[in-house]
Amino acid sequence: MPINLMRASVRPVTPVSSARNGSIVAIALTAALVILQLVGLVMLERSHAHAMQGSFPREAAACAESASMPVTPIPYD
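In terms of this note's numbering, the sequence shown has 34 at position 34, counting the first letter as 1, and numbering is strictly consecutive.
Source of the hints: derived by calculation from the structure; they are not laboratory data.
The beta-carbon is built from N, C-alpha and C at its ideal position, and this holds for glycine as well.
One or more of the hints may lead you astray.
Unchecked claim - Quick list of simulated restraints, FRET-style, between CB atoms:
1. Ala-32 - Tyr-76: 56 to 62 Å
2. Tyr-76 - Ala-26: 57 to 63 Å
3. Gly-22 - Val-42: 47 to 53 Å
4. Ser-23 - Glu-45: 54 to 60 Å
5. Val-42 - Arg-20: 55 to 61 Å
6. Leu-44 - Asn-21: 48 to 54 Å
7. Val-34 - Pro-75: 34 to 40 Å
8. Leu-36 - Thr-72: 50 to 56 Å
9. Leu-36 - Pro-75: 52 to 58 Å
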């Protein structure tokens, strides 16, 4: 009669390798950096949108004033 000497509570002899741990850490750091870049991009876009909202009326007025100035044509060679 065969006897099974393996117990269910005994862990396998081969431990988890440090290479696997390193790749898990690298993946986690990469994901964190990507998330930080996306957050920074969103913040930049929002600040740019807020800055552009205030400048549109002033730009339109500046364009209306300069439209009445005579424009000399550029001669071609």
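Now the hints, each set against the structure:
no.	hint	result
1	Ala-32 - Tyr-76: 56 to 62 Å	holds (57 Å)
2	Tyr-76 - Ala-26: 57 to 63 Å	holds (60 Å)
3	Gly-22 - Val-42: 47 to 53 Å	violated (31 Å)
4	Ser-23 - Glu-45: 54 to 60 Å	violated (33 Å)
5	Val-42 - Arg-20: 55 to 61 Å	violated (34 Å)
6	Leu-44 - Asn-21: 48 to 54 Å	violated (35 Å)
7	Val-34 - Pro-75: 34 to 40 Å	violated (54 Å)
8	Leu-36 - Thr-72: 50 to 56 Å	holds (52 Å)
9	Leu-36 - Pro-75: 52 to 58 Å	holds (54 Å)
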